[in-house]
Amino acid sequence: MDTGDGRLRRSIRWGWVGVATVPALFVGYFFAYPVVRILDVGLSELSIGASGLQARLLRVGWFTLWQASLSTVLTLLAATPLTWAVSSYEFKGRRLATALVAVPFVLPTVVVGTAFLSLGFVQSIGSILAAHVFFNVAVVVRTVSSVWSRIDPRLIEAGRVLGAGPWQTFRLVTLPLLRPAIAAASSIVFLFTFTSFGVVLILGGFRFATLEVEIYRQAVNLFDLPLAASLAIVQLIGVTTALYVYSRYQESRSASWEVAGARLLPRPRGAMRWLVGSVVIASLTVLMAPLISLFSDSLGRGFYTGLFGSDAVVGSPIASVGNSLRFAAIATLISTIVGLMAAAAISARRGTLSKWFDMLLMLPLGTSAVTIGFGFIVALDWPVDLRASFWLIPIAHALVAVPFVVRTTLPTLRSIRQEMRDAAAVLGASPWRVWRQIDLPIVSRAAMVGSGFAFVVSLGEFGATSFVARPNIHTVPTMIFRLLGRPGEVSFGMAMALSVLLAAITAGVVMWLDRARVGELGRF
Amino acid sequence: MRLSKLTAIGISALALAIAACSAEQAPGTLTLIAHDSFADGVTEDTFAAFTEETGIRVEVLAAGDAGSMVNQAVLSKGNPLADVLFGVDDTYLSRALDEEIFRVYRSTEVDKVHPELVDTQYRVTPIDYGDVCINYDTAWFESTSIAVPERLESLRAELYASHLSVEHPATSSPGLAFMFATIAEFGEEGWLDFWADLRDGGVRVASDWTTAYYTDFLTHGGPSSMVVSYASSPPAEVVFSEEPIDSPPTGVIEAGCYRQVEYAGILAGTQYPAAAGKLIDFMLSLEFQEQIPLSWFVFPANQDAQLPSVFAEHVVIPDDPARLSPAYIAENRDRWIDEWIQVMEG
Amino acid sequence: MLEIDQIDVSIEDTPILRQADLTVGNGEVVGLLGPSGSGKSTLLRAVAGLVDVASGDIRWDGASLLDVPTHRRGLGLMFQGYALFPHLDVAQNVGFGLRMQRNATPGPLISEALEMVGLAGYENREVDSLSGGEKQRVALARTLAPQPRFVMLDEPLGALDRNLRRMLMTEMREILTEREVTGIVVTHDRDEAVAMADRLALMREGTIVQTGTLSEILDRPANDWVRAFVS
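Residue numbers (the numbering used here), protein chains in the order written: chain D, 1 to 524; chain C, 1001 to 1346; chain G, 2001 to 2231.
Keep in mind that the hints are not guaranteed to be accurate.
[As the list claims (entries may be wrong)] Some chain D residues judged to face chain C by a derived CB distance under 10 Å, without partners named:
1. R94
2. L117
3. D224
4. A388
No lab work stands behind these hints: they were computed from the structure.
Heads up, the beta-carbon is just placed ideally off N, CA and C, and yes, glycines get one too.
Just need the whole structure built from these sequences, with the hints factored in.
This is the structure:
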């Protein structure tokens, strides 16, 4: 008996190693190794105590930290009303609303920056914060509402019956239950704003430099690789600290709560209808204002038909849509497989190793695009020279997308009770079958949310793409950037038209994914 | 017997290796690494004539902006990503030359280029040049009867400074070029005073060209009637106009222009230096040079190249644009930008 | 005294309760008995203020409760499936109602409640680690700890196995008697209803068909359905 048990344990452990290997190799080879190599190149030339180094690090680091923290808090606050409405009630246009919030997420920063300026925002810290909120509201709304809408309503009712008013019930019951989801969303928003680049440049002017901006300036404009490498290390330390605090916080609370199945949400009635209606309309109006300004700019003569024609300078703009969709499909596939395997490995084991592995997977979100791009150049010539391969584009996108898949699937995987797996095993299912029959169907809903994010991240990715040497293939954001980079009304109009198209494709894809998700649920 | 056979094989292998070294095999494909805005303008036709003539296809790698591209070339020194690099300008040339990433090559066509643009050691070959100049909205100056400024000096007046939009030199390449123009004009002693006057007069600073041109510039709905842009922007306004127009809505102020030259070079470590040389020759040939204006809105380096009519009609090529030497730039750029920031942002 | 007076309740336009009528006297426990889907839970939810009442009235000691929000009704409701708060431990769950009453020293009352249900010393356990029977007891303790004036238990023994049910049934009756609880116990099992309640109320298709003790009902069943259901 004893030996049999030991053998079983061992085979489970090897199974775990097998599952963990793929994501570990992926992140190790495409992220950790290039980053270590480029930092090594940079630091080998560093002379400590270069004049003003410390003061600059301190100033830039401090600004990066506080603007990211403030942006995260403001994003949470701004997202709360809409998150509440779509989590609590079923209403006409609910799906459209949750799809539309995802649109800002993919728009190239240069387009949004232009839209903000044309709406009357001036270069200031306030504009930076507003744009950060605009870009990231989707992360909070979508991540938190996917948990909120599934909280067992009896828990809320129990709170009410026990004498808690609506606000107290929210504070003492709902909020603690949402805490893991809020923490997950906040960590992603924090990482995004911590590494903010385009928004800070366009809406801040040069007075406000984040670490990301400073790394770019030092490495690319001033060729000061040592200083850039030190800044990159400071950035990595900051991000790692933030992730560590977050994971400690996650641990102190049991995250393994039973997640109720999907339920039908009630329709709002009476005064609630007005409240829900005005919350949704107000939130969407604010979110859509820059988009509406884009849209009206795109309505000139022949801007849309121009996209389908052949432009003497940039070829066929519409072809970039096909390229973007292809890259996004590959990136989504990679990140979903890698992310699910990683989440399975992390959820199967509690302990230090899992925790650090989880953090490693999050790091690419918080690493500057310059560091990753230049890392590719110095590292990826072995065993196959991938440095100029088109595969680098979807791989770079997938690196940034994997954390979304992990963050959205991990809570669900953790909530699956071991008895269910044991039950399946007793019924004769192999570990692989158990995973396919129990874990996968349960996690697939969350995985769809994660894949949706991955797709959208890839569609809108610009920063990392532009630091990778790549075959001369346009994605939609690079095409928009190109069109915006030349004078003339038609160029500007076509860039706006292409942005509107990107927004429409995003909303369409997200709605389709949401729908697929609901269909999926119908089956269990 | 055995030994001699081995020896024979060894000798023939050695002979093959030597042959491979001396007479380079023609490659099926050459790789050209370029900054995004060049890569963006490449179409199927761009190198068609070259492929027809030599049987070599040209694959273009896009590598971000010019600074990022030069960095990538430096980081991959010895095992280059491509055979030829295009698009390094004066701003980054020193860095590239210091790192010795190029192989010396004297193009057969280089004599057709104005000698002022040519690198005396032939490490890089000039392919095109562009002028960064202040553009103005013609309608505004006509309707207000305010005179179009003829010298940089005039911009010190609040009347003009408050109507000027420039790009930040740390984040924008035309912004940097315009800063160089002011240094060339006023010298190390005077240029910061000029900028202090612009600041006091209310000049606008955008982070990039797109924001300055499309958000700040009056022609596209902004408040500024003058913007730092390119000498080729007015013809582009005609080409990319929504309604067909006879003359551009914008003009170029000839004073305070700065010339940027873009070079190509053969990357050291390429397996195909001879073929790479042919590609450089092609890029200087009329075939390629005459495509340059309408593809990239810059001017051909080959003086024999004909300009397309829309350029010939609407373009202003300044007589005496400013230029600074790459070495001078490399030595001082960082300090200049810091000083500029000190003056402009305190 | 609780009076449910001819109430109608619809959910998503489907009528669930039709003219439901029931009175519970002070110190009395009524066993609400009926097949599943007959509207038993909805009746409790109407009393708790968790669903809107379309017509009729619900009164406590003569005063209407309809305009009183749930959290001010001073009721206790034990949910089917218990609805324990997963983010709180056992003591925090049991003490939740006391906390809402701003009780500064809930400790002794929590211990007392846990002792009453036989879980002394369970204060710091996570609710996820409890067995089904233990969860049931924690839920009961949570419902009773704030000493509500009226208690409603929705299928309190629902998911438990038979032996456990029989044991808890008796235990529960003792606790209800000892605390002099006024309330309603919902069940679909006649024996459970008889064991825990003073009086039965039979419900069918949203209406209370008959009330009385088991023997009263057995003697004079209101109709054939009642006869078939209780015997």
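Against the structure, the hints come out as follows:
| no. | hint | in the structure |
| --- | --- | --- |
| 1 | R94 | violated (35 Å) |
| 2 | L117 | holds (4 Å) |
| 3 | D224 | holds (8 Å) |
| 4 | A388 | holds (5 Å) |
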